[in-house]
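Order-wise, the sequence lines are chains V and W. One gets the working numbering by counting positions in the first sequence from 1 and adding 37 to each. One gets the working numbering by counting positions in the second sequence from 1 and adding 422 to each.
Think of the hints as simulated: they come from the structure by calculation, not from any bench. Because the structure is a prediction, the values reported are computed rather than measured. Do not take every clue at face value.
Listed below are several chain V residues computed to face chain W (Cβ distance under 8 angstroms; list not exhaustive) [claimed, not checked]:
1) 256
2) 289
3) 389
4) 391
5) 556
Incomplete in silico selection of chain V near chain W, CB under 10 angstroms [as the list claims (entries may be wrong)]:
6) 293
7) 432
8) 487
Just so it is clear, CB atoms sit at the ideal spot from N, CA and C, and this is done for glycine as well.
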Amino acid sequence: MVRAGPDKEGSSEAPVQRGALPVAAFVAQVNACAVDVVAHTEQALTELAALDEQHHFFTVMTPELARAQAQAVTAKIAQGWKGRLAGVPLSVKDCLCVEGVLSQAGSKALEGYAPVFSATAVQRCIDEGAIIVGKTSQDEFGFGSFSTNVGIGFAVPTNPHDPSRACGGSSGGSAGVTALTRLPHLSIAESTGGSIASPASFCGVAGLCPTYGQVSRYGLLDYANSLDKIGSMGKSVDDAALLLSVMAGHDTKDSTSLPDAGFDYSAIASTRAADGLSPVEGLRIGVLADFFGEGVLPEVREHVQRAAQQLADAGARLKSVSLPLTAKQGVGAYYMTAVTEASTNLAKYCGIRYGHAPALSVDEDFNASFTRARSESFGTEAKRRIMLGTFARMAGYRDAYYIRAAKVRTLILREYEEAFSKVDVLLCPTMPVLPPRFDEIAKLTPLQNYLMDIMTVGPNLAGLPHLSVPCGWVAADAGRGSAVGGAGGSDTVFLPVGCMLISPHKREDVLVQAGRIIRPAPALAKGDES
Amino acid sequence: MSAQSHSPGDHGGHGGSSVSGGSDGPPGKPAFTTPIVIGLEIHAELKTKTKLFCRCPTGSATADGKGAVDGSESPNTRTCPICLGMPGSKPVLNKLALQHGLLLSLACNCEIAPTLVFSRKSYFYPDLAKNYQITQYELPLGSDGKVVVGGKPVGITRVHLEEDPASLVHPSGVGGSRFVLIDYNRSGNPLAEIVSAPDMASPAEARDFLNWLLTTLDYLGIFAKDAIIKADANVSIKESGYTRVEIKNITGFKEIERALAYEAERQRKDVDGVVQETRSWDALAGVTRSMRTKETEQDYGYIIDTDLVPIAITTEMIQQARELLPELADAKEQRYLALGVGETDARVISQDKELARVFELAAAKVEPVLVGKWVRRELARVANYNSLCVGDIDTTQFIALLELLSERKVTETTAQRLLEELGAGSFDVRGRVAADGLGVVADAGALEGMCKEAIAEAPQAVSEYRAGEEKALNFIIGIVMRKSKGKAEPKLVKEHLHALLSA
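Just chain W, with the same shape it has in the complex (with noise of 0.2 angstroms):
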């Protein structure tokens, strides 16, 4: 049975991804112990602004990076005789795909191939213009990579570049049309194929792992945010001896571990009808469908595309790409703690690109473990609440509103208040706080004013506080701030109402 299991470097959807071609079976007996093994073979999206071998727009990802996806726009614009397949044409490389591949595949610690070389794979099907793709096979352009997600390794058996295929339009549905409409607007646009090895054992793994990639792919600066991401994952159980079932074409991030719970529980539930087969995932069932087992597997007839002169890839050109390597997650995430930023706090911002820019900028000058509280905390909880990016709220402000709190001028309460209009636009922090006279009472005999009326008002908490009741304490503390309109600093009013109540 070893023939039909699961086994590293047996993944992916390239009938076993052996150069020969000739056969699926690993050598050896898999070696896997986990109640379930994952493996996911993703599509992302590059952030070119022209196709993979014509100069046609993406329109996926203009300067902004908020360009139309797919859809929003009229059909069969974006097109040449290149993206159409015109018979004539012939494929010329966007240079700046291959640099981004080469960035990627840096990033997931891969192997870098000498040579640039281009496959046809061949099928037929309507939504691709020349029935064959133009995709990378036995040289891919990475290789043998390993990362580590949540502490845990995965290994990524290839990073390779391909053409996507253009979009089928079904005007009433996949069931209720009586034609189908082909859209050549994506036809053309690149993507780079990550493959990873069976080494997740549950969802939660493998959403961790998408995690890790999307933060990559974004602190690359190679992917469409808005770009949507496409998986095909293998998943197979301890209990039916890892017998691999493949599941295609899983749209979006959260479908994927939607698919796998499923399809790891469907499995569990019937093992004795687990067989290798490939399925499919139905979103709106919620459900994976048998789409064929393995006696009719496609075979894809590779060949190198010789329209595509094999590219030497230079020790000088994946040098430059090291060097354009920016800090990614994991680097982050170590030297934030090393700043003393809280775990938590040093593990969410650095995940976030956005998050870890402004924790940069403000830690140059605020104390960094403050910056990463308010940063992590209260600036994300402000950007979502107003739906925001993160970056639309003004860095500057929110750096000079730190700089105040650090500096004890204003209380933690004006500072979530100035924070949360900042959420709603921009101004002058500084100016409003002086303006407005937000800063921390500090003037000592305002505060006792304050402190004395309180506990003129509060006799019952005052003599609960002096017969050994800590927390009535909290109470007055709370009706001086309430005076103070939050102005004053909790902790010297507690040390005022203290040296009074003890006099």
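Bound-form chain V, shown alone (with noise of 0.2 angstroms):
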């Protein structure tokens, strides 16, 4: 049963499409000279700020570096200079460097930080007149799939939609001050297993993640380095796609960046193919039986599947694929990966150079100081993580993990190859349940967390293009409705549903044209069954 959708001006379209112009569209104006950039970037900091309060996104705002930018980037205008991001507000997951302003990874163990260089990926955006805002909002290191998992001394960033629930993560603060800001934004977000798709789904804005290699990771604080990928939030497709094309390119500072890196927007600007028909048109599309059944609520399998349906209506052709493997052990290699190279990275934070530094103590070797000044660092997660990945990757004990969780990583590999070579995209939910509320997500068990990141780390762990795009809405109770089952209660607030769209290596592009056709569906009430 359709309910009618949530926009207060009554149209159809999601309320996260109100009110702000596509980013393409804003710059052109910009480059026009037809905006005051200066007066806008106030705008947007004012905006941002209440929002911040409210929400938690940031966990720094620059308002003072936004400014300097509007007005460098006014000055280059006024001389007939064209930037692809000219004065469009730019915030920043937390875990990328920006010179001078504090870059922490969400954790105590930063702090202070603030790097002597800009990540590769900010620059180039900077480079292309964009107006750095602030840094967003993360679980520390990006260790969670809500953003709960902050630091010591961070505030939970808060659903834009529900502020009882969580906003995904770990990039949440990225996800939900996109979808909340009626000005043009992007974001840089960053995934390792799942923490551009989450949030993106969980706050109803596109979040692209591209190819492994396709962004420079220079200026990344690492999580894990072979999984980790930074990418791009946008209220649109469109919108996550130009950022895309700015950060993406080779760079020499990063050993795996790849040598073909690049996506070019441009080719695929236009929504129609040039012979006029839809660019979808006999595009093969594998829908991922596995992560459609049990464990599934039934109002995002619906929604889901009505994205399906819409692709095919445009011309695609649906087919079933299933990906055993991955669904069965998918969780359990990404893990195994992802906490043993991170315990290696964050051991560098020991408070000799940067970062939380206890007083030292003449009574003290180097040892007791390191230990005290980790322990006093980091948040639970984090050591729990530190401690697995540790344990993973000892004598004894890392053939049975560490080398085992690689083999399997390739075998992985190896069942999207094989489903590739059958289809052209694969489309599933980005996440099993709606976003769920903080009461919820205290009561489950660390097990029970990770393997909400069912669907997201397989792309993940084998460096595959994806995209969550919002496909619908579900009416739920304001601050009392489950996510996971039931509903009722008085205070309707709506959440959306994302669908995650995989591709095969550096085809972004198909990801972009498919994702396009994805317009999210009126809201649904939670627990009808359709």
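Can you join these two chains into the complex? Each is in its own frame, and there are hints to help.
Structure, rendered in structure tokens:
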């Protein structure tokens, strides 16, 4: 049973689409000197500060940097310069280095760390005229699926559609702010095992995670080096695609940067192919049967199936595909690999040159000092992952965990290759549930928590590009209705559902073309079975 | 007890170097027979302009090879976010270091890994910028090599690349400082680690192996000569059933032999007290001290460093490196011997890159046997006496001198004197010989005159000689040589005297 949509203007469009111009259109106006960038930036800073007060989307805001950049862009535009992101307010996940700006990956371990360099991805956006408004909240070092595992002293961001619920994670602040701002906005996010797709789904924005190696990781505060990917978030698929096209490209400062990295957005900027046909005409879509069964909320299933139907209506061919190994072993292989790498990445946080450092004592040797710095710096989940990861690489366990996970990962990659010999794009829900309430999250065991990533870990392990796009809304009761079953109550909120598309390596273009077709369907009453 | 014994392939600081890392136990019984068994793990700093994973200067290898070494410049000036391990920075491989590593692996006759893969060796220590060291583990660049030192084969277990940690500075000495300072100038410098099989049977053999290695590094042009060489050594003796003792962090060529000699003696004196353990070398006290026993051996929890993409080492790359491989000491020695050069001369010259360079230049123009003698004995002597490098003595003038000598235009005595003068500074040797009349006294009349004078001055020697005392002639020759100021050719003098006295 379909209810009226949540939009106050009464249109059937999703609420996240309200108000803001598409970024490309805004940039065209800026480049044509039709926008007062300084004034627009002030407006954005005021609005974002108010949103932050309510929702804790930012770890730090950068009004002074934003104003200086707005001045600089204004001066350059007056000289006839044009930038692909000219004047666009840009938020940056806290785990990316911005020169001179606190970059702490949401952790006390990086307390006070203001790097002497900017991440390549950030610098490319600055070079194209983006205005950096702040660093966004995240799970500490990316260790979570809800942005609730924030570091000591950091605030948990709340869902833009219901503050009693989580944003998803770990790029929760990025997704939340992108959903709520009424002005054009882009956000740089980062995914290790689903940290772009998850919050994009829970907040109702487009989240585009590219092929591993498309965007330089130089300047990224590492979680797991073989898995970390910098990606983009926008109110629409096109917004996200535009940001990705600016960030992508080879970088000699990152050895894992693909030699042929790059994503040409202009080639697919039009929604129509040259021959006038739909760009998804004949596209083979593999619907991932493994991810529509048990454990998936019926409303989520229904919306995602509807999204698949929209693609079919536009000319794509649907086919059922199964990834049994990925479905069964993906979460285990992902967590073993990720925590193992993380445990070495976090070793450097010992209080010597940056981050939280307890006062030195002459009675302590370095070991005691390091131990104290680390005990005081890391939150519970970070400590859990350091211990798990250290265990998994120790002599005697290494073969059983670290090495085996690497082998499974290779097999998962093969399973995807096999699937992509039959279809062009894979489709499934992004998250099995609606954004959960904080009290529900608190009850989850670590294992239940990790299993929330069951749909996102696969493409992340395989380094495959994936896109979460809002595909529908579900009505729920504010602060009361359960995300994982049951409904009822008075204050109705509308919670978004994300549909995930996965493509072969370097085929972000196909994701964008397919993702554009998907329009959020009007809200379903939660608990309704259609 | 075999699990605690010393065995081939179970060497170095890698907890057994086994891929699984799970067991240190070698299969089967050790096959040793010699009274002492020694294996070495050498760390040599490679000569590159920039560090292994960033573009900071290494400081120890400037173009002239005489760059500043550790400690001789302001601390923490040769640093960047990468070698400081700043969060967000990423390593990028210095390709020259890879080439150097390839050359060294080939010189050790190693098998070359198909792929260059780096690992993280994790341990917490203040000199490690990231609290892990980027090194190689499962797949070293070179493995299973073999070299021949002094006619004896020495197995090379592995050759791999890794980054140097920072240096710790104790302002008032290791014992007396209340705090320690960290200097990151060295952090990230490229090191080659060479692990030998336990194939050396005495500290002297270990020294010979080190000599071989230093000579090879020098020939390859990949080693900063002033850089400090560091070693870990494994020592075991027959009496203890070859229980392996590892000595860590021996710094300097001479110290390595000292430490080995001390440790072998220590084990012999207290066979029952020998346990499998790690000891450290206290150079000041000249003793090794126990650091830790097997039970607490460190587990480095190696994982692949996925910040560095695996690099395929193609047959083309190996072929290119082979073409760059210079002729090494062994081959040179054989070639010199074939030229007729004396055994000692050939060995000594071939083991010194500079002596070999001068020898080869000179031997192209002058008879090699003569050159061999003069390069090894005279040139090396004069260089040592003046604390010079052989290359500091003008090679062109040295060759000119040898030419004069071989043409018998100067005597050996004159040549020695001129070479000593060359040690103080270059000059035109031929010009000096002509100007100062230093040529051999070839005028038969003048020589005969001097001989007659000498005979007249030494009647007793003359009568002794005539009485059959051949040696007495040398006394008379000496007088002639003095009169000629060394310019007379002794052989000619002898002939003249012989003729005059027999008349």
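**Study point:** residue 432 (chain V) as chain W interface residue, shortest Cβ-Cβ below 10 angstroms
**Key:** Interface hint status for residue 432 (chain V): holds (4 angstroms vs cutoff 10 angstroms).
Point to revise | Hint status (Cβ of residue 487 (chain V) to nearest Cβ of chain W, threshold 10 angstroms) | key: The hint is violated - residue 487 (chain V) has no Cβ within 10 angstroms of chain W, the shortest such distance being about 20 angstroms.
Review point. Is the hint on residue 391 (chain V) kept, meaning its closest Cβ partner in chain W is under 8 angstroms away?
Key: holds (7 angstroms)
Point to revise | Closest C-beta approach of residue 289 (chain V) to chain W relative to 8 angstroms, hint status | key: holds (7 angstroms)
Check your understanding: Quick one, is the residue 293 (chain V) hint okay against chain W at 10 angstroms, beta carbons?
Key -> With a closest approach of 5 angstroms, the residue 293 (chain V) hint holds.
Exercise for review: Using Cβ atoms only, decide whether residue 256 (chain V) comes closer than 8 angstroms to chain W, and label the hint accordingly.
Suggested key: holds (5 angstroms)
Exercise for review: Identify whether the interface hint at residue 556 (chain V) stands, where standing means a beta carbon of chain W within less than 8 angstroms of its own.
Suggested key: Because about 39 angstroms separates residue 556 (chain V) from the closest Cβ in chain W, which is outside the 8 angstroms limit, the hint is violated.
**Study point:** When the least beta-carbon distance from residue 389 (chain V) to chain W is tested against 8 angstroms, hint result
**Key:** Holds: closest Cβ of chain W sits about 7 angstroms from residue 389 (chain V), inside 8 angstroms.
The structure is inconsistent with the numbered hints 5, 8, although it conforms to all the rest.
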